[in-house]
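Protein chains: 2
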Amino acid sequence: MGTAPDPLLDALRACVGAPHVLAPDAPTAELEPYERDWRGRQRGRARAVVRPGSTAEVAAVVRACAAAGAAIVPQGGNTGLVLGGVPDSSGTEVLLCTRRLNRIRALDAANLTLTLEAGCVLQTAQQAAANAGLWLPLSLASEGSCTIGGNLATNAGGTQVLRFGNARDLCLGLEVVCPDGAIWNGLGGLRKDNTGYDLRHLYIGSEGTLGILTAATLKLQPQAAAQGCAWVGVPSLEAALALLALAQRQLGPGLSGFELMGQLALQLVAQHLPTLRPPLWQQWPYCVLIELSESAAPEQAHALVQTRLQALLQASLEQGCAGDAVLAETLAQAQRLWHIRECIPLAQAQEGLNAKHDISLPISRIPAFCAEAEALLAQALPGARLVNFGHLGDGNLHYNVQCPAGADAAAFLRQHEAHINALVFDCVQRHGGSISAEHGIGTLRAATLPRYKDAQALALMRQIKQALDPQGLLNPGRVLVRA
Amino acid sequence: MGTAPDPLLDALRACVGAPHVLAPDAPTAELEPYERDWRGRQRGRARAVVRPGSTAEVAAVVRACAAAGAAIVPQGGNTGLVLGGVPDSSGTEVLLCTRRLNRIRALDAANLTLTLEAGCVLQTAQQAAANAGLWLPLSLASEGSCTIGGNLATNAGGTQVLRFGNARDLCLGLEVVCPDGAIWNGLGGLRKDNTGYDLRHLYIGSEGTLGILTAATLKLQPQAAAQGCAWVGVPSLEAALALLALAQRQLGPGLSGFELMGQLALQLVAQHLPTLRPPLWQQWPYCVLIELSESAAPEQAHALVQTRLQALLQASLEQGCAGDAVLAETLAQAQRLWHIRECIPLAQAQEGLNAKHDISLPISRIPAFCAEAEALLAQALPGARLVNFGHLGDGNLHYNVQCPAGADAAAFLRQHEAHINALVFDCVQRHGGSISAEHGIGTLRAATLPRYKDAQALALMRQIKQALDPQGLLNPGRVLVRA
Chain A
1 MGTAPDPLLD
11 ALRACVGAPH
21 VLAPDAPTAE
31 LEPYERDWRG
41 RQRGRARAVV
51 RPGSTAEVAA
61 VVRACAAAGA
71 AIVPQGGNTG
81 LVLGGVPDSS
91 GTEVLLCTRR
101 LNRIRALDAA
111 NLTLTLEAGC
121 VLQTAQQAAA
131 NAGLWLPLSL
141 ASEGSCTIGG
151 NLATNAGGTQ
161 VLRFGNARDL
171 CLGLEVVCPD
181 GAIWNGLGGL
191 RKDNTGYDLR
201 HLYIGSEGTL
211 GILTAATLKL
221 QPQAAAQGCA
231 WVGVPSLEAA
241 LALLALAQRQ
251 LGPGLSGFEL
261 MGQLALQLVA
271 QHLPTLRPPL
281 WQQWPYCVLI
291 ELSESAAPEQ
301 AHALVQTRLQ
311 ALLQASLEQG
321 CAGDAVLAET
331 LAQAQRLWHI
341 RECIPLAQAQ
351 EGLNAKHDIS
361 LPISRIPAFC
371 AEAEALLAQA
381 LPGARLVNFG
391 HLGDGNLHYN
401 VQCPAGADAA
411 AFLRQHEAHI
421 NALVFDCVQR
431 HGGSISAEHG
441 IGTLRAATLP
451 RYKDAQALAL
461 MRQIKQALDP
471 QGLLNPGRVL
481 VRA
Chain B
1 MGTAPDPLLD
11 ALRACVGAPH
21 VLAPDAPTAE
31 LEPYERDWRG
41 RQRGRARAVV
51 RPGSTAEVAA
61 VVRACAAAGA
71 AIVPQGGNTG
81 LVLGGVPDSS
91 GTEVLLCTRR
101 LNRIRALDAA
111 NLTLTLEAGC
121 VLQTAQQAAA
131 NAGLWLPLSL
141 ASEGSCTIGG
151 NLATNAGGTQ
161 VLRFGNARDL
171 CLGLEVVCPD
181 GAIWNGLGGL
191 RKDNTGYDLR
201 HLYIGSEGTL
211 GILTAATLKL
221 QPQAAAQGCA
231 WVGVPSLEAA
241 LALLALAQRQ
251 LGPGLSGFEL
261 MGQLALQLVA
271 QHLPTLRPPL
281 WQQWPYCVLI
291 ELSESAAPEQ
301 AHALVQTRLQ
311 ALLQASLEQG
321 CAGDAVLAET
331 LAQAQRLWHI
341 RECIPLAQAQ
351 EGLNAKHDIS
361 LPISRIPAFC
371 AEAEALLAQA
381 LPGARLVNFG
391 HLGDGNLHYN
401 VQCPAGADAA
411 AFLRQHEAHI
421 NALVFDCVQR
431 HGGSISAEHG
441 IGTLRAATLP
451 RYKDAQALAL
461 MRQIKQALDP
471 QGLLNPGRVL
481 VRA
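Those protein sequences? They're chains A and B, same order as listed. Take 1 as the starting number for the first sequence in UniProt numbering and just add one per residue. Take 1 as the starting number for the second sequence in UniProt numbering and just add one per residue.
Treat each hint with caution, since some may be false.
Which copy is meant is left open, so a pair is good if it fits within one copy or across any two.
[Unchecked claim] Using 20 Å as the maximum straight-line C-alpha spacing, the simulated SDA-like pairs for lysine to any residue come out as follows:
#1 K219 - D169
#2 K453 - G323
#3 K219 - L327
#4 K356 - E318
#5 K453 - Q471
#6 K356 - T92
#7 K219 - D108
#8 K453 - S139
#9 K219 - R13
#10 K219 - A405
#11 K453 - Q42
#12 K453 - D6
#13 K453 - S90
#14 K453 - A70
#15 K453 - D408
Bear in mind the hints are in silico, worked out from the structure with no lab data behind them. Keep in mind it's a predicted model, so treat the numbers as computed, not measured.
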């Protein structure tokens with residue numbers, strides 16, 4: 001005695017072909033990559049997993065779901081951090097995977113644009129640009145599996161934001177399937193277009209709740225001729241800000257990275273990944289990684305980079321905003337310094353579970369925020385350890401709280417995580433910051449958002465959601481909790 | 001026997017004080033600056049002119065108008081180019097002037113942000129930044145009278161777009177009064193904030209049809225230590241594109257201007273403004289103005305600029321994408337070259353009326369577009385003269401058509417302007433371009449837009465307008481024609 005057959009499954013098979021539809025009784029090993037959050041925090045149940053191979057097929061799937069009143073959860077590489085792209089446990093949501101939409105449609109070198117489908121993996125897109133001698137300046141830890149559609153749906157950040165902006169700033173056009181199956185063709189490589197409301201920016205960052213991104217046109221850059229790095233120990237956060245201002249003045253738009261790393265973050269790297277040997281961390285409360293990119297003729301660019309970084313370091317040591325500094329002499333040395341920065345999350349994971357926060361603040365408020373939050377945490381949770389690092393040049397901190405040394409991390413989090421989150425987020429709000437800088441809202445922060453977001457902003461968001469998705473079929477409950 | 005008194009006038013006086021309300025029977029000299037388009041193409045009649053002095057007063061005015069069912073036309077400096085900010089001739093629209101909202105609210109040097117009210121004149125904002133040793137990189141011809149609110153409502157362009165983007169790219173936050181009088185406080189200086197739909201970008205460029213901008217937070221930059229200019233004669237548009245690609249590779253983000261000027265445009269300058277003496281124009285079909293900005297220590301920056309421009313010119317002469325070149329040796333010489341570029345519209349006005357187009361194209365399509373449009377115009381209107389210039393680095397051309405030499409310009413335009421517009425816009429569409437790059441839609445292009453805009457995009461725009469302004473009170477008929 002099986003359950004009654006689901007007529008929607010047949011409709012979906014008619015849209016995309018039977019091999020590209022998984023029913024709920026498919027083997028777990030096939031379903032799990034779609035239904036399970038990659039960090040293992042949630043295992044949902046989908047009414048169906050459907051993998052369209054073209055924009056027309058996406059539109060057909062959306063129409064079939066709309067006719068059946070079935071909710072749709074769009075998914076790219078399933079690398080999101082806020083549970084925005086996995087189905088809930090109800091078994092009523094259709095998981096629409098975009099990964100078969102993986103064609104590069106056009107690379108226009110003279111226009112510096114790349115038009116490609118939403119399911120293209122970021123690394124594939126980066127490689128397509130590199131093959132043409134160009135550069136797609138979007139880079140993040142999950143680039144080997146995240147997709148362009150997911151990057152845009154969540155307005156991804158990454159390591160190049162300081163110079164090139166967030167994912168939205170790299171996008172010139174979109175193709176979107178709307179909740180009624182209509183297709184908006186907003187592709188195109190125009191840098192200026194003032195012919196009406198900017199729909200592009202509305203869909204970017206809407207986390208699949210307004211439409212399904214099927215393709216995009218991205219801006220490319222010429223490849224930088226040379227890049228260089230300096231690693232600086234600073235005596236305080238105030239000094240780090242002074243160093244940032246000095247670097248912005250002296251290096252101008254060549255300044256392409258300004259990363260902050262707290263002492264405990266580097267101590268965890270030194271402890272768990274000892275071969276990486278982070279420099280200077282024992283003497284200074286914070287270290288900073290500064291990256292400079294230069295164009296110019298390649299034969300001169302490296303020398304120019306080194307000269308300019310040396311001049312910056314000298315000035316910063318003289319002015320007291322740097323305590324000590326290391327200048328990478330070669331590209332390999334520069335990459336080794338970046339690698340230390342990038343390994344902080346890994347070292348932290350090896351130390352154990354922790355309460356993660358992806359927050360942003362006006363840069364000027366960061367010292368006051370950190371002083372206040374640290375004091376409150378020390379008072380509320382004596383011994384709790386603060387792992388503070390992030391993209392200081394963007395005002396973005398990964399402000400993570402780890403249990404006291406030697407304590408049971410899981411038990412600590414079960415007992416205190418809600419309290420820690422409220423303490424950190426309340427403090428962020430007092431300093432004019434955001435509770436989600438890069439990662440988005442998803443379901444993880446949807447219930448929390450109304451406490452921190454302007455009420456009129458939320459009302460406007462609901463009006464827009466109602467207007468563009470009146471049936472509430474697209475990613476319901478993500479970003480905005482169900483009414 | 002006068003007309004019946006309008007009760008809305010008393011309500012508005014209660015909102016903002018009697019001195020800040022003009023009734024329709026006020027002296028023409030007082031009404032005209034608000035009711036008349038600055039280029040003299042339209043003289044409307046307002047039901048009232050109201051000048052609120054605070055965000056709360058704007059909200060009160062909006063509520064009073066909503067209660068009376070009166071449409072509102074927001075106006076900043078009245079420098080728009082598409083008749084989007086002047087009342088129609090019905091006498092039913094309330095003109096809401098934002099110019100008394102002119103306070104600088106905060107300058108945060110460490111965060112590189114400026115928060116100010118919508119009625120601040122752009123030049124005042126530029127000066128506020130300069131007083132703090134910083135730079136607001138928004139610059140356009142009307143900067144002495146246009147307002148920040150108008151710049152954002154129309155997503156203004158200008159001369160710094162190549163490096164810093166359009167007005168929307170300079171804006172981190174907004175304060176908006178909605179059509180029901182509710183205030184959205186979206187100010188703040190965050191470079192990353194992924195907490196929901198990007199309302200900011202929806203209001204920017206919506207030309208006052210969704211809400212009234214009352215304040216904004218803008219990004220500032222450190223002042224450039226030095227700028228330099230080169231003026232290059234190029235043998236063809238294809239060569240101009242090759243030169244652009246070379247400049248982008250060699251100069252990287254220091255490339256802050258790349259302006260194209262057709263031979264006829266420069267001939268008009270030489271003829272009507274002979275003291276300006278434009279160089280090289282007689283030998284080459286196009287000239288290009290290249291601007292490089294450098295940070296670095298001020299004492300080295302000038303030499304660095306000159307060295308890099310020299311290297312670019314040498315490479316471009318060797319590769320054949322430049323025919324001849326002039327390098328400005330001093331800042332004064334660089335300013336003189338820019339002045340020639342900026343005087344093209346004036347020289348053209350002295351030559352007489354012309355059909356103006358503010359179009360954009362994928363940069364790679366510009367040579368093909370120009371060849372096709374020029375051939376079509378020559379066939380349709382023998383002797384008509386093409387004044388082609390613009391921001392080539394942004395793909396933005398001011399593609400203007402002047403009557404045959406010696407003909408009656410006004411008669412020519414009356415007879416042919418509609419035909420010329422259709423010919424140019426149809427050609428723009430075939431090459432994937434936009435019929436309004438910088439200027440917007442307003443009422444001037446609202447009826448034309450549906451012919452060239454994706455139908456689904458228009459449908460989405462109407463859904464958003466209906467959701468956010470269900471009574472249709474804000475700037476009705478602008479951007480979207482009345483249903």
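Structure-based check of all given hints:
no.: 1; hint: K219 - D169; in the structure: both (9 Å within a copy, 14 Å between copies)
no.: 2; hint: K453 - G323; in the structure: neither (39 Å within a copy, 57 Å between copies)
no.: 3; hint: K219 - L327; in the structure: neither (31 Å within a copy, 30 Å between copies)
no.: 4; hint: K356 - E318; in the structure: neither (36 Å within a copy, 56 Å between copies)
no.: 5; hint: K453 - Q471; in the structure: neither (25 Å within a copy, 26 Å between copies)
no.: 6; hint: K356 - T92; in the structure: neither (30 Å within a copy, 56 Å between copies)
no.: 7; hint: K219 - D108; in the structure: within (10 Å within a copy, 30 Å between copies)
no.: 8; hint: K453 - S139; in the structure: neither (28 Å within a copy, 33 Å between copies)
no.: 9; hint: K219 - R13; in the structure: neither (36 Å within a copy, 50 Å between copies)
no.: 10; hint: K219 - A405; in the structure: neither (46 Å within a copy, 42 Å between copies)
no.: 11; hint: K453 - Q42; in the structure: neither (26 Å within a copy, 43 Å between copies)
no.: 12; hint: K453 - D6; in the structure: neither (40 Å within a copy, 40 Å between copies)
no.: 13; hint: K453 - S90; in the structure: neither (28 Å within a copy, 41 Å between copies)
no.: 14; hint: K453 - A70; in the structure: neither (29 Å within a copy, 31 Å between copies)
no.: 15; hint: K453 - D408; in the structure: neither (34 Å within a copy, 60 Å between copies)
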